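A.B. asks: All chains should be built: construct the whole structure from the sequences, respecting the hints.
Residue numbers (my numbering), protein chains in the order written: chain G, 1 to 118; chain Z, 1001 to 1613; chain H, 2001 to 2487.
The hints are simulated quantities; they were obtained by calculation from the structure and are not laboratory data. All values reported here derive from a predicted model rather than from experimental measurement. The reader is advised that the hints may include incorrect statements.
No more than 35 Å apart at the CA atoms, straight line, and that leaves these computed lysine-lysine pairs for DSBU-like [said to hold, decoys possible]:
#, chain 1, residue 1, chain 2, residue 2
1, Z, Lys-1152, G, Lys-117
2, H, Lys-2145, G, Lys-26
3, H, Lys-2145, G, Lys-114
4, H, Lys-2145, G, Lys-31
5, G, Lys-112, G, Lys-27
6, H, Lys-2427, Z, Lys-1145
7, Z, Lys-1438, Z, Lys-1363
8, G, Lys-100, H, Lys-2145
9, H, Lys-2355, Z, Lys-1145
10, G, Lys-106, H, Lys-2145
11, H, Lys-2198, G, Lys-27
12, G, Lys-117, H, Lys-2427
13, H, Lys-2439, Z, Lys-1141
14, H, Lys-2355, Z, Lys-1141
15, H, Lys-2198, G, Lys-31
16, H, Lys-2439, H, Lys-2145
17, H, Lys-2026, G, Lys-100
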Amino acid sequence: MDLVRSLYYLGAFLLIGIGFYAVLGKKNLIKVIMGLSLIDNGINLLFIAIGYVRHHTAPIITSQISDTSLMVDPVPQALVLTAIVIELSVLALALALAVKVFAVHKTLNLNKIKGLKW
Amino acid sequence: MGIIKILLVPLAAAFLLLITGRTRILREVLAVGLSGLFLGLSLFLYGHETSFSLKLFSFQLSFSLNPLSWFFLFMVSFFTFLTVIYSARFDYQKNNLSWFHFAFFMKVFSMAAIVLASDLLVFFIFWEIMSLFTYFLMVQKGGEKDFSAGAKYLILSLFASVVFLVVLVSLYFKAGSLNYLDVSTYLLRTNLSYTVFVFCGLVLAFLVKSASFPLHYWLPDSYSNAPTTFTAFLSALSSRMGLYGIILLIYILFSGDLSSFRLSHFVNLRYILGVIAAFTMVIPTFTALMQDDAKRLMTWHSIGQGGYMLLGIAVGTPMALAGGLFHIINYASYILLIFLGIGAVEMRSGTTNLNKLGGLIKKMPVSFLAVLFGIIGLAGIPPMNGFVSKWLLYKSTIAAGFPFLALAAFLGTIGTILSVYKFIHNIFLGQLDGSYQKVKEVPFLMQLPMYVLMVMVWALGIFPSLALEPISRIQMFFGREPLSFSTSGVALSAGHLNMLTINFVMGAMLVLAAAVFLIGHRRIIVSQYNNYAAGHFLDEKTKYNYNYHFYPTLQRFIDSCNKEFINRGVDSIARGARQVSWFLRRIYGGNLNYYAWGITAAFLIIMGSLWFY
Amino acid sequence: MVNPLYILVSLVFFALLILFVQRFSKYFALLATAFNFYLSINILIAALKKPLLVNLGGWKVPFCISLFASPLSAALVLLVSLVGFCAVVFSFSYIEEERNRYYALLLLLLAGSSGVVLAADIFNMFVFFEILCISSYALVAYQRKADSFEAAFKYLVQGSVGSSFILIAIAIIYGLFGTLNLAHIARHISFPLTFSLKVALALLVAGFGVEAAIFPFNFWLPDAHPAAPSPVSAVLSGLAIKVGLYAVLRLIFTIFGYPGVFLPLLFLALFTFVVGEFAALAQGNLKRMLAYSSMGQIGLIAAVMSFGSVYTFTAGFLQIFNHALAKSVLFLASGVFFYQGHSLEISDLKGAGRKNVLVGAAFAAGIFSLVGLPPFLGFFSKLAILVSLFRTQGTLVLAYIFIFLIVILTAVEAAYFLRVLGVLYQKPAVFSAASGGKKMALMQIPVVFLGLLLLGLGLFPQIVQKIAYFAASSLLNKAAYIKFILG
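C.D. replies: Here you go:
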């Protein structure tokens, strides 16, 4: 595996890791949501990196360019598009719920939002 | 074909009564008629040996009628009939009776199906259905106590059933089928530890149902909370289903020879069952002494007398087995009689509290006679039938070499006699309380079963051959030697028992005593309330009657011994379960970060296990 | 007509229709689910003879998106449509505000579940899974009370963590094999697994396990199921967790083709079983108790299934059917009680069973079926579980431990269920029945119907047994799966 790809993978996993750090360790609701967003971004980067082949170009077929052997793998890019949409809706819902949770509990501290337990 | 007809009758009765339950007359007529039909069919089937196999829904259901089945079937149908006649006039205080009757007949149906089954799976299915409907009958009154008592019963019963099911499944795989014959041939061939496992697994469910020590704790609460007619029925029959199961287990599945299953030199399964029977005979009969409620007292006797039956079955010699089986039907007859009497008293006086009742003999003479016959039978005093079965049991346990078990039986009888005397004294004898002046006897329809049972109790006492005949058929069916008997007694090398002679002797003595009493000393008839106490004025309101705290010395002695181990043990199990529950609940503490940690940690654990695995 | 695509299309179409045409939402939903039910029956009948494969867009396998209706998938789709139909009928009277969004979301939930079950490639499975999850996040928050928002938020965060695990796994798998088609992936996988495949498997089990509510993943369940409105709880408990479990099992046994017992899942599932059943004992809120009971049951099902033999799958599948129907009855009945009495504390329900005779009877039927009493379906599923456990070769010790746990936990289950049953029928009735009328009748119909179904299937279990057996063999048979899809 060449260095560039490994760098991308490393970056992707690093992003995912930072996202997990935020979800697992942070007490503020908004930070947890940001962590989720970071995780998703990291995963998207991972996908793109998987499809990347060095020195190859964008996978778009036009009337002039139709040689697919020099193109990057298009499937992960399609996957990423779908994944972005899904993550967007999840994030929007999460933020909406966070607004409502704040309206009820008047705090964003997860340690205090423990109405439901046991 | 006869089998299917006889099974369909109570099933049809159940559903018909569910539909027509609202109209009283229609309901009672249907109930009495159909149970009469049931009785008639079962009488008709005496002596037949048929079998029947049915592919219903998706299984192979096989039934067969053998002498043992017939014995229990007759008991079920006869006592159902009497109960239904009695309950036609019993005052249930406006509960929803269509559901009662439905549950009642479904239970009768499932009991009939159990005794007619010839396949362990069929047995199990109907056993479960019977437990379910017993629960429904117990919780009829609907109060909180009733539900907690019923729940105690059903939880224990379900636990035992699942164990039974596990044993069943394992048997299915080893023996190939669950037919009684196949199972018994398999069990003869296989090794000791497996047979002990099968025995323990199956006997657990039966011991629960027949309320043998130490699994008897559910019975007093649930039976005494039920309406009295159901208590009667449940005591007489329901607990005996467990005994049917044990008989089935020992004599059909295990081919009757328990003493060959030795766990050590002295300890074998037969003796263990005998010891359980001994504890069941002694402890509950003495606990019964201390009860203040008539129904509770008698339900403790349900437990206790079951011990006698278990003793007879466990010991297994011809006389013992005959005694045990005879005791089953005897007990059913006199306990039903006693409970019908209690029901009558309850209906008229409104209470069953022994400390409050008294002196009802003049007002309810028929009930008094019924209870009198019942307790003479229960205590095992001649000339009633209880005496014969107890005599058989005493003699056989001594003859078989189990003196301590016989001692336990004697002790049980002492406890029984003491408690039944308290029982009849506190209800019928003594001075009549003012509030009971208006009490009348119960309607004729309720008296009729009492008459029938009184005749039965005495007749079986004079002519025990009436019952010993079917019992010997059962013994021959098991391939064992039957007890030799004559028309009115038992003829043995070790001594004869001739009930006819005993009856004549007793009758003669009674006549003599009556003559002395009537002709002899002059006597003055005084009012019940005309009492004298030194320096003390007594009037109608102050009773000089001795009801409360009837056996003070004995009670003190028993109280010091009675640590209620079983109940406390069960309560601590329940509490332990709740504590585990509380502990496990707290895992779900509410902190989202911890939740997310849980997910990632679990992923790492799975990853780790895959790595090394 | 016998095309699995129509199920998904019809559900999504009606969902969108409801959102655009803001009226008659109830009727559209009813029409959609009824049509769905009819379709799923046809598909099941066809799939039992020969599995159905639909390639979308005319592209060839393995480059296209395909829908594969094996007997297992078809049976689960039938279950989804049945429970969905009952939930919609129940919601007719129960849901009074914001109907459009509710019905649209519910239809999308059903579409998502059906899609996960029918999908033949992994990313599509993920997309439908997300549709399922997102609709359920929103539906949990439907009632707009304090605990709804909190429960929905926590559910969302945990669900997202799970989904991200799944996505990482998809990335790994795609990176290794270059294909997304499940059969194609299955062809490439052989044992022993390489390290990255092990990571991928662990991620997939963890990810789908969040929705399947196996122990350390199920912290959302006791909060989310009670907070949702009752028909949604029924759908979540009855369907959503089963679908998650389906995904886990399909991946482990058909795609990865794991031979024999899958120990990690077995241990976690046993733990779930114990925790769920015990924790239900001490609950005072009816729906929370039912949620913990669902947890316990799904632990039981997952534990049975993870033994990896055809018999255990059949038994587990029977129990899936039993639990889905019984739990739906219980949740819908609790909805009826809530509608009348406005409280879900068990102590407030005294006498509720006497005021609502039919609902109480159905509730009792659901309880007895879950505990395993004849003549209900639950007896057969318990019997089948025990029989299958005795049949397992190898890992006998685990099977015996499991049997022991079943014995004890059945008693525990009986304890907490009988307590509720007792309260329902208690004599001094505290429960006040509010209005009756047409609304109540409409709410009672699905409850009673499902109760009768439990009784009927218990008396005639051959139908379900046959379906279960076919489903089980299709799950286990990796070679046939590959051969059928890829040719």
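A.B. asks: Does each hint hold? Answer for all of them.
C.D. replies: Hints, verified against the model:
1. Restraint check for Z/Lys-1152 and G/Lys-117: the C-alpha separation of about 29 Å stays at or below 35 Å, so the hint holds.
2. Simply put, H/Lys-2145 and G/Lys-26 have alpha-carbon atoms about 25 Å apart, close enough for the 35 Å limit, and the pair holds.
3. Restraint check for H/Lys-2145 and G/Lys-114: the C-alpha separation of about 14 Å stays at or below 35 Å, so the hint holds.
4. With a C-alpha separation of about 24 Å, the suggested pair H/Lys-2145 and G/Lys-31 falls inside the 35 Å cut-off, and the hint holds.
5. Distance check on the hinted pair: G/Lys-112 and G/Lys-27 sit about 9 Å apart at the alpha-carbon level, within 35 Å; holds.
6. The hinted pair formed by H/Lys-2427 and Z/Lys-1145 meets the criterion: a straight-line CA distance of about 10 Å does not exceed 35 Å.
7. The hinted pair formed by Z/Lys-1438 and Z/Lys-1363 meets the criterion: a straight-line CA distance of about 8 Å does not exceed 35 Å.
8. Distance check on the hinted pair: G/Lys-100 and H/Lys-2145 sit about 10 Å apart at the alpha-carbon level, within 35 Å; holds.
9. Under the criterion of a C-alpha separation no larger than 35 Å, the hint pairing H/Lys-2355 with Z/Lys-1145 is consistent with the structure, at around 20 Å.
10. Restraint check: the Cα-Cα separation between G/Lys-106 and H/Lys-2145 comes to about 14 Å, which is no more than 35 Å; the hinted pair holds.
11. Pair hint H/Lys-2198 plus G/Lys-27 holds up; C-alpha atoms about 32 Å apart against a cutoff of 35 Å.
12. Of the supplied pair hints, the one linking G/Lys-117 and H/Lys-2427 holds, its CA atoms being roughly 32 Å apart against a limit of 35 Å.
13. Proximity of H/Lys-2439 to Z/Lys-1141 is assessed by CA-CA distance (about 31 Å); at most 35 Å being required, the pair is judged to hold.
14. For the suggested pair H/Lys-2355 and Z/Lys-1141, the alpha carbons sit about 16 Å apart, so the restraint of at most 35 Å is met.
15. As the CA atoms of H/Lys-2198 and G/Lys-31 are separated by approximately 31 Å, the hinted pair is consistent with the 35 Å bound.
16. Under the criterion of a C-alpha separation no larger than 35 Å, the hint pairing H/Lys-2439 with H/Lys-2145 is consistent with the structure, at around 24 Å.
17. Simply put, H/Lys-2026 and G/Lys-100 have alpha-carbon atoms about 27 Å apart, close enough for the 35 Å limit, and the pair holds.
Going through the hint list in order, the structure satisfies each hint without exception.
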